[in-house]
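K.L.:
Fit chains B, C and D to the supplied structure of chain A, relying on the hints for placement.
So the protein lines, in turn, are chains A, B, C and D. Residue 84 in UniProt numbering is what sits at position 84 of the first sequence, and the numbering runs on without skipping anything. Residue 45 in UniProt numbering is what sits at position 45 of the second sequence, and the numbering runs on without skipping anything. Residue 354 in UniProt numbering is what sits at position 354 of the third sequence, and the numbering runs on without skipping anything. Residue 113 in UniProt numbering is what sits at position 113 of the fourth sequence, and the numbering runs on without skipping anything.
Take every hint as true, because none was put in to throw you off.
Below, in silico cross-link-like pairs of lysine to any residue (SDA-like), each with a Cα-Cα straight-line distance of 20 angstroms or less:
no., chain 1, residue 1, chain 2, residue 2
1, B, 97, C, 604
2, D, 370, C, 179
3, B, 97, C, 614
4, D, 370, C, 33
5, C, 174, D, 440
6, B, 97, C, 602
7, D, 444, C, 126
8, D, 370, C, 176
9, C, 174, D, 362
10, B, 97, C, 615
11, D, 444, C, 171
12, B, 97, C, 600
13, D, 444, C, 175
14, B, 97, C, 598
15, D, 442, C, 175
16, D, 370, C, 171
17, C, 174, D, 429
18, C, 174, D, 442
19, C, 174, D, 373
20, D, 370, C, 124
In short, the hints are calculated from the structure, not lab data.
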Amino acid sequence: MGETITFWVLAVVSVVAALGLVFSRKAVYSALMLGVVMLSLAVLYAVQDAPFLAVVQIIVYTGAVMMLFLFVLMLVGVDSSDSLVETIRGQRFWAVVAGLGFAVLLAVGIGNAVIGDPAGLSGAVTADGGNVPALARLIFTRYVFAFEVTSALLITAALGAMVLAHRERSAPKATQKDLSRARFLGDHPTPLPGPGTYARHNAIDMPALLPDGSVSELSVNRVIARHDVEGGRLPDNPRLAQAIRNVASGSGGTSPSPKVVQAVAEEPGSPSRSEGLGEPEGGGRSEGFSEPEVLGDAEDKPKVAQTAGRAAEHPVEEEGK
Amino acid sequence: MTTHYLVLSALLFAIGGVGVLVRRNAIVVFMCVELMLNACNLAFVTFARQHGNLEGQIIAFFVMIVAAAEVVVGLAIIVTIFRTRRSASVDDANLLKY
Amino acid sequence: MEPAEIVQHSGGVIGVSWLTIVLPLLGAAILLLGGRRSDRWGHFLGVAMSLASFVVAALVFFELLGLGADQRRRLVQLYEFLPAGTVDVKLGLLLDPLSISFALLITGVGSLIHIYSIGYMAHDPDRRRFFAYLNLFVAAMLLLVLSDNYLGLYIGWEGVGLASYLLIGFWQHKPSAAAAAKKAFVVNRVGDMGLALGIFVIFTTFGTLSFGPIFSHASQASQGTLTLIGLALLVGACGKSAQLPLQSWLLDAMEGPTPVSALIHAATMVTAGVYLVVRSGAIFEGAPTAQLVVTIVGVATLLAGAIIGTAKDDIKKALAGSTMSQIGYMMLAAGLGPVGYAFAIAHLIAHGFFKASMFLGAGSVMHAMNDEVDMRKYGGLASVMKITWITFGLGYLAIIGFPLLSGYWTKDGIIETAMEHNAILGWLAVAGAGITGFYMSRVFFMTFHGERRWDKDAHPHESPAVMTWPLIILSIGSVFGGAFLIAGNRFMEFLAPAVGRPEEMPSFQPFSLTGLVTLALVAVGVVYAWLKYGRSAVPAVAPRGSFLTVFARRDLYGDALNEALFMRPGQWLTRLAVFFDNRGVDGLVNGLAALIGGTSGRLRRVQTGFVRSYALSIFFGAALLVGAWFVVGNL
Amino acid sequence: MPWLSILMGVPVVGALAVAAVPKGNAKLAKQLTLAVSLVVLALTLVMASQFDPSGPRDQFSEVHSWIPSFGVHYAVAVDGIALVLIALAVVLVPIVVLASWHDADQPEAKRSVKTYFALILVLEAMMIGVFAATDIFLFYVFFEAMLIPMYFMIGSYGGAQRSYAAVKFLLYSLFGGLLMLVAVIALYTVAGKGTFLQPELIGVIKDPATQKWLFLGFFIAFAVKAPLWPFHTWLPDAAAQAPAGAAVLLVGVLDKVGTYGMLRFCLELFPDAAKFFTPLVITLSVIGIVYGAIVAIGQTDMKRLIAYTSISHFGFITMGVFAMTANAGSGATLYMVNHGFSTGALFLLAGFLINRRGSQYIEDYGGVRKVAPILAGTFLIAGLSSLSLPGLSTFVSEFLVLIGTFQRYAVPGVIALSGMVLAAVYILWMYQRMMTGPTAEKVKAMPDLNLREKFVVAPLIALLIGFGFFPAPLLNVINPAVEQTLTSVQAPQFTPAVPATAEKKGPGQ
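Here chain A stands alone, though its shape is the one from the complex:
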């Protein structure tokens, strides 16, 4: 009875989590959902007389593998979520058909099969005095060769991962001399301007004003600027708001064109604000944050490219107006 209850609870949880894994837009959510599924399964293992596997499941999967996933997710960029526009014609439809068909087929098949009561593992484990010793006996006797091979596999995999992830240095490492020379040869010999010129703000998201009165986009961190745009926490001053939007959309970013900034400075209160610039149409809000480089594949995904491209062009349009 207890097992039935456990099963039904965990079955519902794991299926819902699996669905969430598939359908959540953000990769991090997906990862978490997967964790949920794995934990549920660990419990189910435990219920099914497999305590060792349950523990391994938690340690290896939920512990190691999931951590690895999250590492990579962070490395690649948390914000790199999927576009919802399907580009391969009929892929989704047929995928669902295939999945449903497969599930129904299996379910019907299993349902029709005449399956007696489980034999239980107590007979198999009693001789060795428990699940773990029984498994150990098997692993180190009959399956010892396979076991040794898996060890080789793991080492190979570790080496492979190192080789794959290793980046060959194509140029000698830059010395301090090189760095400072590059800095003086570049646009900004000095450190980037600090934000927050207004005392009334905590000001880390406020662009600085340069001595000539123009707004410096370089002074704002892009992630913070995005937060502002996403949360609608833009300052009232249109010049500043525009600068923040520019930073957020990445068009200004690290090396803004002074001319753009200049233009903004000269035309305070431009009517562009009412158009909701920086908000890409049709793609939903989160679309706006997707990085063009990540999504941008103009050949294969014209729609996305259009969206991203338009987002990138807005400042110029505005300039024209």
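P.N.:
Only chains B, C and D this time, still in chain A's reference frame:
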């Protein structure tokens, strides 16, 4: 009861499969593959109990090891691809065609 | 009377009679392999070999004469050509009156022409090669007539064709000569096809190719088979002897050097067809239809050749037309059965003399006139070239049947026999004789009489002795040959062991009605020719002439007919076949290849490179497998 | 003494030695190749002198187990037919080597010179093997393996379109070979004797339908190889693109495997099917004879022309094989040999002409006889042998084929006769256009044959003329084998309507 476990396993497997098919983010696709592997493991464990035989658990154990190795290599590949193409979309890696 | 039995022979000169063939062949081999080193003495070697061959033939002839009449068919076995199990042909020589007559003619006239050629070809840098080819011809022709089986005959038959090809095309730098040579060979090959077919039927019928067994068993074969064989052999004879409808090559063959025209295209090779018909007499006698066709072909050709002869201005072509016509007479005689055989061969020998004499005379004239062949540019040569004029004149009188000269005896015999056999054929032959009188007189008068129409740079002179002596000897033959052979049925008796004796020997009547009519017609022809070409002026350019003249001048439209019937459709067919091969057969194959290539090109588009598409198909496949498994499991 | 193994082994060892010659020493490689091929020739002559025509059919027999589980043997032996074909191959190889002396030197051919000569030797070993094999599986292996050296010889050393020609050649042959493989396996399975040895498989297949299918499998492979109309279009391309020496070996020897296979395998293993299909094969042969000749007349490229004449000649050979009379069979076998010499001479002389003038188009020549009389003269003799002039050996074979065919199939025999006339047209017309008439400007400086080239041509011409007058040595070897073949086919014997000779026995007895 075995039937229930098996059906659950089938469902999870199918959901994982659909995920592989519809998601484009390589990492998410990878997660879906893991889901499918886990669904298989569930079936193994279930059958082990059904038949009163530990071999099923052994296989599940090996699957986990292999899956771990696979994740390591696979993620390394994803990182490498991301580094060169600035993209983690599986659709972008379509040079091998025609 | 049936022909005599063939007797195996060994020893004596007859035993080494193969020397007649081998000596000239050796000469040809030495001259061809010797290269330029043998240039200085090559022509002497050629003449020596030919003369030696003649000597051997003459010795064989006398040895044969020494035997009793019914012993005069000797077989000399040489070696096994095709071993038993296949066709089992032992190459052997059959020496009998028929073959030895030919052998003497070939080597005798051949030697004279060899000698003549020393002078005629003196200025040709390739004289050695010329003699090599002549020797080759003599050898092949001797094999043709001496062989004791059809295979050997066939080898000689094509061998002379080759020699003819080489000699017609001797001046290869002239495109016309090369084309004429090719034409001669190809047309001959059509005839050879017939001969080959005849040989095949003979073999399937009799199981052997040797003359002896075949002729002794010929009467047992069905008449249809014999007719088929006869007609097939006739096709072969028509090709080689330039009889209708395979006559067209002979006129073009005059592109060759004149001695060649004399030897091959007048005296010997072109008469091989007559030899074939006479030799296969046993077969033709069992097939009256075939015999009738032979006579019809003979008569048609004798008229056609004569008509062509009337219109030609080229002296050699006029003579070539005459050759056709005379061989027509021989064919006619050969188709008349044993009575005609002796006349056919006698006329053949006599013709060999007088036609060779005239051709060589024409060569002498050309030699004198800077190789000019147009008779309209001759005239009045009698005074400058006395010997040539006399010898040519004697040949001319012989061919028109001037009483007591060769042609009178032999041709009259043919006409008389034909008249007895079939009046229509006889009268047509008489008409042919009349035309002969006209066109030969035309040639004679245009060349030697009338006013001089020479080109400015022509300085005619008599030829050197090496050329005139053969002329003289040949003209002696053309004067007395006929009388020697025919009077007292001498030749008929001689030939009888070989071809059989007619039931009733013809008796020669000097002034029969036919003979008188013939003479009268010939006289009319001569007088008309004298009036037209001897007494009155001959225009330097041929007048357009009537329809009939043009008809004759164009070789009775033979070439035009060949062109329309064979050449143009042939060319069209060739182009069609090449097109079909490239586009049809090969196109089909290449098309298949293109189809496969195109299909795979389209099919590979399925490989989009999207992993998810592949995964979808894998998933579908898995689902299908599971489904199939259930279905099968449920069964 | 294992004669045949030695014959195959010597060229293989020679090929390895040639391949091991250091780079840049091409002359040594050539001399070595020539020496090896002459050694093989000498060994073959010694072997042939020990061959007893009246003895058992298969002589110099060697049988060793090769793949015991499938009953595959390394089994070689020769009968009269195989012996003369092996002789043909080993005679042609030294001639080809000598003729190809400079063929591989051309700078545009990037492959090494010694490879070409090593390939020739490898090919020689395989040619000997394919004719000597009495195990069907071994035969198949040689049959397919022969393609490889030839493929490289065409594809690497050929003319401008060599890769197209080489691929076409390979695909055609592989297509046929595949069908044959199926038939070989099926034969093994159906026969159920557990062996591939040809003598043991004779008369095993009784079922008519099975015979027909297996026959077709073998026959199509051989028809492609031979090549029989309409499977012929690879030959003109391959022969025209191959270097002259390779073309000689291709047309002269390799293609004979097809007709040899028909005689040895199609007829003996499936006699009833062969009789059933005879009308079809004879029809195709006759079409090939006439069609090949007509298309040859229309060619502008002399090598293609020669290739098409070969198609016509192969029509004669297949016709002779399937006429199933002693005369036609002997004639066809003899034809295989003579055609090798005749076409070999033509191809080599064409190669000499092309080397001198740099063009294979007939129209680029004219009046060659004037400047190069020996070249023109030998070309004429080779051409005359192609048109089967009496006195040259090709005549004997053509005559025998025709007379043998005529005994049973009169109408095809008559149609095939027209090939004689067409042959005269294509050869003499080509000769007229190339060798006679005014000398073309570009031809004026053309040198005549040099000593090496004379040594190439002389043996061929000598063989053509020699066997033209004395074919008995060859026929004495061939006849018993052909008769035994016909005995196992149980072909009806030919009897003349009016047997004119008392002592003469009908052929086939």
